[in-house]
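Starting from the given sequences, assemble the full structure and let the hints guide the process.
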Amino acid sequence: MKDPITMQNVKEHNYYKWSVGKGDYVRDEEATISFLRKRMRKKKIKHAIMIVIYLSAVIAVSLLIFGKF
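Residue numbers (our numbering): -6 to 62.
Worth double-checking, as some hints may not be accurate.
Claimed, not checked - Cβ pair distances, simulated, as ranges:
hint, residue 1, residue 2, range
1, Leu57, Ile26, 45 to 51 Å
2, His40, Gly60, 25 to 31 Å
3, Gly60, Ser27, 46 to 52 Å
4, Arg30, Val51, 28 to 34 Å
5, Leu56, Ile26, 29 to 35 Å
6, Ala53, Lys31, 30 to 36 Å
No wet-lab data here; the hints were simulated from the structure.
Where a beta carbon is used, it is the ideal one built from N, C-alpha and C, also for glycine.
Written as structure tokens, this is what we have:
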């Protein structure tokens, strides 16, 4: 179990000496607009690919059933 954060723990572990340069703090990318746009773009591309695959499968099956092969 983790120790609760008390003023004594803060003084012992130097919690106030964190630095972005050392990598102590990393920005959460899920909150940025560019991340959300990138995620929506990937989702739209996946949907478009699935529609193309579905339509080509329907066309291929209908050609096999109703076509003159």
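Going down the list of hints, with the structure as the test:
no., hint, verdict
1, Leu57 - Ile26: 45 to 51 Å, "47 Å, holds"
2, His40 - Gly60: 25 to 31 Å, "28 Å, holds"
3, Gly60 - Ser27: 46 to 52 Å, "47 Å, holds"
4, Arg30 - Val51: 28 to 34 Å, "32 Å, holds"
5, Leu56 - Ile26: 29 to 35 Å, "45 Å, violated"
6, Ala53 - Lys31: 30 to 36 Å, "33 Å, holds"
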